[in-house]
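Enquirer: Read off the chains here:
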Amino acid sequence: MVKKLLPALLAALLCGSCGILYLTPFPSILPLAEKSIDLSGRMPEADEDSWDVRLALLNGYLFLTVKHKLAILDSGLKVLKDYDGQYGRLAVYNGTDYFIGREQYGAAPGFSHLSTTAYSQENLGYYDPGAPPNGVVTLSCGGGSLYTNGDVGPFSTPMPGDLNLEAALADDLGPSVFLFFKGNDSEEGVVLKVDRALIRSGPLGAYPFGVAVVALSAGEEGRFFYTHDGFVCSRDEGRWLIRYGFDGSEKSALTGRRMKSFAAAFDLDGATFYLYDGGVRRLYKCRTWW
Amino acid sequence: MLKRCFILLLLTLLLSTAAGWPEPEPGAKVCVFLFTNLSETERRDIFRDIVTDALTVELKVAGFGVVPQAEWQKQLREEGVREEELLRGPVAVRLAGKLKADLALTGFVRIDDGDLLVGIKCYEVASERLILSLLRRGTASLQVYSLINDSAAELVAALRNPPAALPAETVTVQRQSVVEEVSSEDRVVELGIPVQVTLLSKDEGAEIYLAGERSLGRTEGGRLSFVSKAGTRLILTARKPGRYEARIETRLKKDTKLKLPPLQPVLPLELELEYSAFQFLGLGAAYRRYLEPGWRFWRLEDYLYLQYPFTYPRATPIPHNDLELQVGSYLFIPPGSRLRFGVAAGLGFIYTLAGSPPGYADAYLNPLDAWFELNLRNWALYYKVETKYFLGLFPDLNGTGYMEIYGPTLSLGVIRRW
Chain B
1 MVKKLLPALL AALLCGSCGI LYLTPFPSIL PLAEKSIDLS GRMPEADEDS
51 WDVRLALLNG YLFLTVKHKL AILDSGLKVL KDYDGQYGRL AVYNGTDYFI
101 GREQYGAAPG FSHLSTTAYS QENLGYYDPG APPNGVVTLS CGGGSLYTNG
151 DVGPFSTPMP GDLNLEAALA DDLGPSVFLF FKGNDSEEGV VLKVDRALIR
201 SGPLGAYPFG VAVVALSAGE EGRFFYTHDG FVCSRDEGRW LIRYGFDGSE
251 KSALTGRRMK SFAAAFDLDG ATFYLYDGGV RRLYKCRTWW
Chain G
1 MLKRCFILLL LTLLLSTAAG WPEPEPGAKV CVFLFTNLSE TERRDIFRDI
51 VTDALTVELK VAGFGVVPQA EWQKQLREEG VREEELLRGP VAVRLAGKLK
101 ADLALTGFVR IDDGDLLVGI KCYEVASERL ILSLLRRGTA SLQVYSLIND
151 SAAELVAALR NPPAALPAET VTVQRQSVVE EVSSEDRVVE LGIPVQVTLL
201 SKDEGAEIYL AGERSLGRTE GGRLSFVSKA GTRLILTARK PGRYEARIET
251 RLKKDTKLKL PPLQPVLPLE LELEYSAFQF LGLGAAYRRY LEPGWRFWRL
301 EDYLYLQYPF TYPRATPIPH NDLELQVGSY LFIPPGSRLR FGVAAGLGFI
351 YTLAGSPPGY ADAYLNPLDA WFELNLRNWA LYYKVETKYF LGLFPDLNGT
401 GYMEIYGPTL SLGVIRRW
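Top to bottom, those sequences are chains B and G.
Note that my numbering numbers the first sequence so that position 266 is 266, with each residue one more than the last.
Note that my numbering numbers the second sequence so that position 31 is 31, with each residue one more than the last.
Bear in mind the hints are in silico, worked out from the structure with no lab data behind them.
Backbone N, C-alpha and C define an ideal beta-carbon position, used for all residues, glycine too.
One should not assume that every hint holds.
Derived contacts from chain B toward chain G, CB cut-off under 10 Å, selection only [stated by the list, open to error]:
1. T24
2. P25
3. F26
4. P31
5. K35
6. S36
7. E250
8. K251
9. S252
10. T255
11. G279
12. R282
13. T288
14. W289
Go ahead and model the full structure; you've got the sequences and the hints to work with.
Expert: Okay, structure coming up:
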């Protein structure tokens, strides 16, 4: 009996140890962390698995929103300002001002609150200098259409199937915008590279209306990030952060514990990323894992 | 004790008022040796006492003289005879003769699975004849009293009308018969097929107990032999000072050699080394001290490990130190057994040196550890499943909630005992 049992137990132990390189009860990013800050006294508790937690890296400053609360930090994780307001997915910097949700803030270091705008706080957005007056272009998806709004449009472009727009990230170095779509009942995602000018000009025409860059396996709750080293996609509530090449090949993954709620932002150069763990309300600045 | 006195008083009253017996003649003197309890536990002694006392009372009521118990027990001590030996007719007859008794009454009581078996034998001292042999079976309950009544009636009747004296040559033959019967009784103990049991043990001088209570003697030369009967469920316990007792259980079919497991020494100090999944680059050590030898203990464990995903080129190792104080207990299976299991609970914290000092301390409650272990003499191997619930008491990394990876932590450890 014992002779039969022991190998089984050893196997179980070893199997459990297969993830030893990655699995830990501690944040998997600790060995990559340069700095962290406890924001439990400043930010509210996020609901579990909610999307109320968002992080944007704009002009070298971090804009962390949790529900109605905004904290603005510099790249050294020093809190510069915090506000209450109407926040959502929209986070755009137009060279002078910051548009976070419906709130408009002035330039650093004061970040003074300028106004409450008419932009939809739940739309995704990016900056387009060719779209006066603020250059804020917003996008949303629903009912089989992609809607362009903000300082352009409004335009409506038919979309196939049941796709959702999950992220719209503009490359500051180029004329393109990366749009990340994902099926509602599918784990597959697709990245489209679209010219800003095309979006600005009106309805985008027949799907894919741009270059279908790559298909990604994103998971149900996937989030998308863009760097000059490739795309990053999260899976399983942040347990996995997977880096893909521009050709769609999986390059490397960071794995760790599941987070109750989280948000991340990546430097475009792919050297640094920031991660907010909503469960413990701690913000980390980390080196990337590649 | 009170119960027993009450029963005896009741019996005495009943018997003394009974008109069932004829007026006694000045009777013979009977030595009623305390009946031997052949049950596997001394807890059954109450039935032995009830039967012995009740028969004594009935004999007195019937007019027989009875040798006081203190008197024959004194004689027993002087001669160095054990009570069990009184089952041998010649021994009982010899002792009764020395006490000037005419009759020797001896027998046994045995309880087996709720059945009561009473054997009574009466010897005439002068002729050394067996003049009565009774065997009665009933249940070990209040039925004992009707069983005693029936036996007593038969006994008194036999004593009042003893068989006629036999011719001298017949007496000789009768003596042989007694000898044969005694020999048989010695072997059979009770109606059953005799079985020779030999215990083999490496622990010299270990005392062997039947059913944990009745001593069978000590092991000498690596063995101890005794006789039992076929079909008996034998529960043997070996004890030796400074060692945990060992227990074996078997049902006898034929002559048997039983190997006793080695008695594990009682060692108060234990040190452990532990390796846990998900804490690959590290090792734990624990000190254990017993509050109750072999059962309850407290334990202090320290596990130092590195979180270092070295496949990430820009990762730096992060040290974690997990310190925990536990109380634990083994369950059900006694010390000295080859396989045991237990549970423990504790409090601890994991100190993490990351970022700038002073680092982080994740305090936790360990509501349940469960493990089982394989015992070798001074060593043991264990396999453990543990849980941790983070309390969020200090500046920490995990907040509150159960430590979550893909289930509880699995650990493998080795224990060294001194």
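Enquirer: Holds or violated: is the Cβ of T24 of chain B closer than 10 Å to a Cβ in chain G?
Expert: With a minimum Cβ separation of about 5 Å from chain G (threshold 10 Å), the hint on T24 of chain B holds.
Enquirer: Can T288 of chain B be said to touch chain G, with a Cβ gap under 10 Å?
Expert: Interface hint status for T288 of chain B: holds (7 Å vs cutoff 10 Å).
Enquirer: Minimum Cβ distance from E250 of chain B to chain G below 10 Å?
Expert: violated, 14 Å
Enquirer: Let me know if the C-beta of P31 of chain B comes in closer than 10 Å to any C-beta of chain G, holds or violated.
Expert: holds, 4 Å
Enquirer: For the restraint on K35 of chain B, tell me whether the closest CB of chain G is nearer than 10 Å.
Expert: OK, holds: K35 of chain B within 10 Å of chain G, min 7 Å.
Enquirer: Quick one, is the T255 of chain B hint okay against chain G at 10 Å, beta carbons?
Expert: holds, 9 Å
Enquirer: At a threshold of 10 Å, is the proposed contact between R282 of chain B and chain G supported by beta-carbon distances?
Expert: Status holds, d = 7 Å.
Enquirer: Mind checking the CB of F26 of chain B against every CB in chain G and telling me if the closest is under 10 Å?
Expert: Constraint on F26 of chain B satisfied, holds at 6 Å.
Enquirer: Interface hint check: K251 of chain B, Cβ to nearest Cβ on chain G, cutoff 10 Å. Holds or violated?
Expert: This interface hint is violated because 12 Å lies over the 10 Å limit.
Enquirer: So, S252 of chain B near chain G? Judge it on the closest CB pair being under 10 Å.
Expert: holds, 8 Å
Enquirer: Was the hint right that P25 of chain B lines chain G, CB cutoff 10 Å?
Expert: holds, 4 Å
Enquirer: Quick check on G279 of chain B please, does its C-beta sit within 10 Å of some C-beta on chain G?
Expert: holds, 5 Å
Checked against the numbered hints given earlier, this structure breaks hints 7 and 8; the rest are met.
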